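Student: Here are the chains, one letter per residue:
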Amino acid sequence: MDRRVLIRYRVMAYTTAVLLIVLVFVGIPLQVWGHQSIVARVVGTIHGYLYLVYLLAAFDLTRKLGVRIGWMLLVLLAGTVPFCAFVAERKLTALYNRSASPAGPPVPSVTGDRGAVTGPPSER
Amino acid sequence: MTADALPAPPIRRWTNRRALVLHAVLAVWIPGCALACWWQVTVALSGDALGWVYTVMWPCFAVFAIVVWWNLIHDDPDTVGARGLERLRREAATRTADGAAPGDGAGPGDGAGPADDMIARAEAHDAELAAYNAYLADLGRRSPAKTWRKR
Numbered sequence: 002m003d004r005r006v007l008i009r010y011r012v013m014a015y016t017t018a019v020l021l022i023v024l025v026f027v028g029i030p031l032q033v034w035g036h037q038s039i040v041a042r043v044v045g046t047i048h049g050y051l052y053l054v055y056l057l058a059a060f061d062l063t064r065k066l067g068v069r070i071g072w073m074l075l076v077l078l079a080g081t082v083p084f085c086a087f088v089a090e091r092k093l094t095a096l097y098n099r100s101a102s103p104a105g106p107p108v109p110s111v112t113g114d115r116g117a118v119t120g121p122p123s124e125r
Numbered sequence: 124m125t126a127d128a129l130p131a132p133p134i135r136r137w138t139n140r141r142a143l144v145l146h147a148v149l150a151v152w153i154p155g156c157a158l159a160c161w162w163q164v165t166v167a168l169s170g171d172a173l174g175w176v177y178t179v180m181w182p183c184f185a186v187f188a189i190v191v192w193w194n195l196i197h198d199d200p201d202t203v204g205a206r207g208l209e210r211l212r213r214e215a216a217t218r219t220a221d222g223a224a225p226g227d228g229a230g231p232g233d234g235a236g237p238a239d240d241m242i243a244r245a246e247a248h249d250a251e252l253a254a255y256n257a258y259l260a261d262l263g264r265r266s267p268a269k270t271w272r273k274r
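Protein chains in written order, with our numbering: chain A, 2 to 125; chain B, 124 to 274.
Hints may contain errors.
Every beta carbon over 10 angstroms from chain A, so not counted as near; a handful from chain B, in silico [as the list claims (entries may be wrong)]: (1) W137; (2) T138; (3) A159; (4) V166; (5) A167; (6) C183; (7) L195; (8) G207; (9) D239; (10) M241; (11) A253; (12) A260; (13) S266.
One-sided and incomplete, this derived list gives chain B residues near chain A with beta-carbon spacing under 8 angstroms [unchecked claim]: (14) L173; (15) V176; (16) V191.
Calculated from the structure, these hints are not laboratory results.
For clarity, every value in this text was computed on a predicted model and none was experimentally measured.
Virtual Cβ for every residue (Gly too), placed ideally from N, Cα, C.
Given only the sequences and the hints, what does the whole structure look like? Please build it.
Tutor: Here it is, written out as structure tokens:
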């Protein structure tokens, strides 16, 4: 699988996770107790639209990794719960690394040119 | 060809268990998005401009759900991504274990992997497809190699 799919997801996971932490632990308290809603409004809007991009990246990655639908939904929802996107990102990266370098024999390519496209991405 | 003895492939794309779960989730999600969108319209109309931001966002979530639903309905879990690769590896392993050298012109029907079974079954039910595959195989046998790499 294309490693860029993973990279895209990781960038979006970190971005939305950090924004969500700022929103929940800075923006909301300021709005509730400080009566300063500007942080929550700006960060909330940015997080909302970046979360859409996160959804696309997460769906692309989980689908290509063959993750089951239940786990896929959890990964998608992880972008809305503080800290959960970090966990999901770690799990999916580990899963990617496992599936990229399995113990099984390599897949023979059509031309019989063994090993041309079968190595893990790190060796390419 | 032995494919006549094989049963028809049980493709129930829209009514298998997985698909029904997906329909149910979508049937809850789309009205939910519509309600949330309308709620945000009322928020926006009551004077809070931030409501317009979410008025646009909820339909986006609905469209995303439709994209996911459509893709998952049309995915065969065993042929997409890492699991598909895993399956190819298993097939290659069994084929090597059977003694046939992989990739040395083994035509359809020679191997015993699930993919060959699927092709054989599909051809058994579609004479036109079988004829076209035979035509392609014939072309493949007759045409010179389109590569300068050593084979």
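Student: Now tell me, hint by hint, if it's right for this structure.
Tutor: Evaluated hints:
1. With a closest Cβ-Cβ approach of about 16 angstroms to chain A, B:W137 is found to remain outside the 10 angstroms limit, as its non-interface label requires.
2. Even its closest Cβ contact with chain A, about 16 angstroms, leaves B:T138 beyond 10 angstroms, as expected for a residue assigned away from the interface.
3. At roughly 12 angstroms from the closest C-beta of chain A, the C-beta of B:A159 stays outside 10 angstroms, upholding its exclusion from the interface.
4. The claim that B:V166 lies off the interface holds: its Cβ sits roughly 13 angstroms from the closest Cβ of chain A, which is beyond the 10 angstroms cut-off.
5. Here B:A167 stays apart from chain A, with its beta-carbon at least about 13 angstroms from theirs, past the 10 angstroms limit.
6. Non-interface status of B:C183 relative to chain A is broken: a Cβ of that chain comes within 10 angstroms, the nearest being about 6 angstroms off.
7. Listed as a non-interface residue, B:L195 fails to keep its Cβ farther than 10 angstroms from every Cβ of chain A; the least gap is roughly 7 angstroms.
8. At the 10 angstroms boundary, the C-beta of B:G207 falls inside the reach of chain A, the nearest C-beta of that chain being 7 angstroms off.
9. With a least CB separation of 14 angstroms from chain A, B:D239 remains clear of the 10 angstroms interface cut-off, as annotated.
10. Look at B:M241: its CB is around 17 angstroms from the nearest CB on chain A, clear of 10 angstroms, so calling it non-interface holds up.
11. Distance check for B:A253 against chain A: the nearest CB is about 21 angstroms away, which clears 10 angstroms, and the non-interface claim stands.
12. Against chain A, the non-interface label of B:A260 holds: every CB pair exceeds 10 angstroms, the least being about 14 angstroms.
13. At roughly 14 angstroms from the closest C-beta of chain A, the C-beta of B:S266 stays outside 10 angstroms, upholding its exclusion from the interface.
14. Annotation: interface hint on B:L173 holds; nearest CB of chain A at approximately 6 angstroms, less than 8 angstroms.
15. Taking 8 angstroms as the C-beta contact cut-off toward chain A, the hint placing B:V176 at the interface holds, the least distance being around 5 angstroms.
16. Nearest Cβ of chain A to the Cβ of B:V191: about 6 angstroms, under the 8 angstroms cut. The hint holds.
Hints 6, 7 and 8 from the list above are not met by this structure, while the remaining hints are.
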